[in-house]
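Line by line, the protein sequences are chains G and R.
So in this note's numbering, the last one in the first sequence is 217, and the numbering has no gaps at all.
So in this note's numbering, the last one in the second sequence is 219, and the numbering has no gaps at all.
It is possible that some hints are incorrect.
Chain R stretches covered by chain G per the calculated footprint, using a threshold of three residues with CB under 8 Å from any CB of chain G [unchecked claim]:
| hint | segment |
| --- | --- |
| 1 | 131-143 |
| 2 | 179-190 |
| 3 | 195-201 |
Keep in mind that the hints were calculated from the coordinates and are not lab data.
These numbers were taken from a predicted model, which means no experiment stands behind them.
Glycine included, every Cβ here is placed at the ideal spot set by N, Cα and C.
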Amino acid sequence: MHTLTTGPWTPVALSADLPVGTVIPARIPAGSIALWRSESGRLSASADRCPHRGMSLSHGFVRGENLSCIYHGWSYARSGKCVRIPAHPGLEPPEAIRAKTFAVEEAGGVIWVATDEAATTPPVLEGLMPLRSMTTSAGIAAIEAAAGAKATAEGLVVPAENADTLCLLLSARDDGQTLIHVLLKGETTADSRIAASRVAESLRRAAEDLQKKGIAA
Amino acid sequence: MKLYDYILSPSCYKVRLMAALTGVKLELRPVDFHPGLEHRGLALLALNPAGSIPIIEDGDLILTESSAILVYLAAQAAPEWLAGTKPEEAARVQQWLSFSGRLTANLGGARLHEMLLRTGDIDALQAQGIAALRELEAGLVEQNLRGQRFLAADRPTVADIACFPYVALAPDGGVSLDPYPAIRLWSRALRSLHGFVEMPGIHRLHELKPEPTVEESKA
Numbered sequence: 001m002h003t004l005t006t007g008p009w010t011p012v013a014l015s016a017d018l019p020v021g022t023v024i025p026a027r028i029p030a031g032s033i034a035l036w037r038s039e040s041g042r043l044s045a046s047a048d049r050c051p052h053r054g055m056s057l058s059h060g061f062v063r064g065e066n067l068s069c070i071y072h073g074w075s076y077a078r079s080g081k082c083v084r085i086p087a088h089p090g091l092e093p094p095e096a097i098r099a100k101t102f103a104v105e106e107a108g109g110v111i112w113v114a115t116d117e118a119a120t121t122p123p124v125l126e127g128l129m130p131l132r133s134m135t136t137s138a139g140i141a142a143i144e145a146a147a148g149a150k151a152t153a154e155g156l157v158v159p160a161e162n163a164d165t166l167c168l169l170l171s172a173r174d175d176g177q178t179l180i181h182v183l184l185k186g187e188t189t190a191d192s193r194i195a196a197s198r199v200a201e202s203l204r205r206a207a208e209d210l211q212k213k214g215i216a217a
Numbered sequence: 001m002k003l004y005d006y007i008l009s010p011s012c013y014k015v016r017l018m019a020a021l022t023g024v025k026l027e028l029r030p031v032d033f034h035p036g037l038e039h040r041g042l043a044l045l046a047l048n049p050a051g052s053i054p055i056i057e058d059g060d061l062i063l064t065e066s067s068a069i070l071v072y073l074a075a076q077a078a079p080e081w082l083a084g085t086k087p088e089e090a091a092r093v094q095q096w097l098s099f100s101g102r103l104t105a106n107l108g109g110a111r112l113h114e115m116l117l118r119t120g121d122i123d124a125l126q127a128q129g130i131a132a133l134r135e136l137e138a139g140l141v142e143q144n145l146r147g148q149r150f151l152a153a154d155r156p157t158v159a160d161i162a163c164f165p166y167v168a169l170a171p172d173g174g175v176s177l178d179p180y181p182a183i184r185l186w187s188r189a190l191r192s193l194h195g196f197v198e199m200p201g202i203h204r205l206h207e208l209k210p211e212p213t214v215e216e217s218k219a
């Protein structure tokens, strides 16, 4: 079992994949979350469960500075506090109606969420530019074997054959899947970015082959 | 122009969506696909011996392949939805139109299995569906890196409409869309288009409309 030591921080998504006014699903060790960005660009992470009827808030939508549930439209502020219940427009929602929230930080184009109120900050990834995120059914050992390189404590793997251009940021999930953020090193062009995306696809395929054969188990 | 239609059919929805986006008026003729199997009855087999829907009837023209129907609607009302003259763009449109047939088989097959108890190897269908979604995700990532937001160009084409419904409804077949950020943004771009219409399971973007206000009832 690999333990990556990013403290309480999990790299959940790339900044570019969460434009203003949108919400996406993500996972941290504490469970599923709704990760959203308000119209003014502020990031939030809340438990993926509406306190009203348990609907996934990541199925909802962002209007202005609030996240709304798709089911009955209950709206939540960044703090998690319920600010609007459409069926009772005159009601000020009670303080007790809150979605659980998590600390969220964005650095170098990567969004990190903490499982607890962390005093620390997420790892800094110097000189790396995010390309894309992909999910794989392979574990970290299989990805290391496919890349021919070990992961650092932060979960960074530099594939042996593409050491000058590519770096993978790994995040193991509790369902056995691994989230891979593909990061690029140095100067890139559109062509080299497309090539790097294809290399990452091949690495994933190789890692899943190894996982299936049990070689890296 | 008459569409033999079933509200829950993603392929029929392709036609309704294309018509709505291009301003074509359709006469809808509902087909009792489930449980009546009307599409396998003599009357509809006379129109389409393959026993599938959608079917378009326009004068003496009968079309039964959804990709061909999309091309017919676009060519009539909105040629900008067709491929331009660039060889690469023309080929990409054809590439994804053919790919959409695979989506019907794998993601569509999984959905029929889960929703209408159609027989089939659900594990295999889902695995093939995931492989197709990965292919689509990679294709969209590359298009974005070329500065193009849609499958064949920086504007939506018939290829996008051909692929969108079965992808958006993948969760009906037990296939999650969570792992695909590029597909999520593409789906959002399509649902943001002026004239977009919904089908059960594919909803519009509520945030594009002003917040509805309701008067508190004084009962």
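Here's how the hints hold up against the structure:
| no. | hint | verdict |
| --- | --- | --- |
| 1 | 131-143 | holds (count 5) |
| 2 | 179-190 | holds (count 6) |
| 3 | 195-201 | violated (count 0) |
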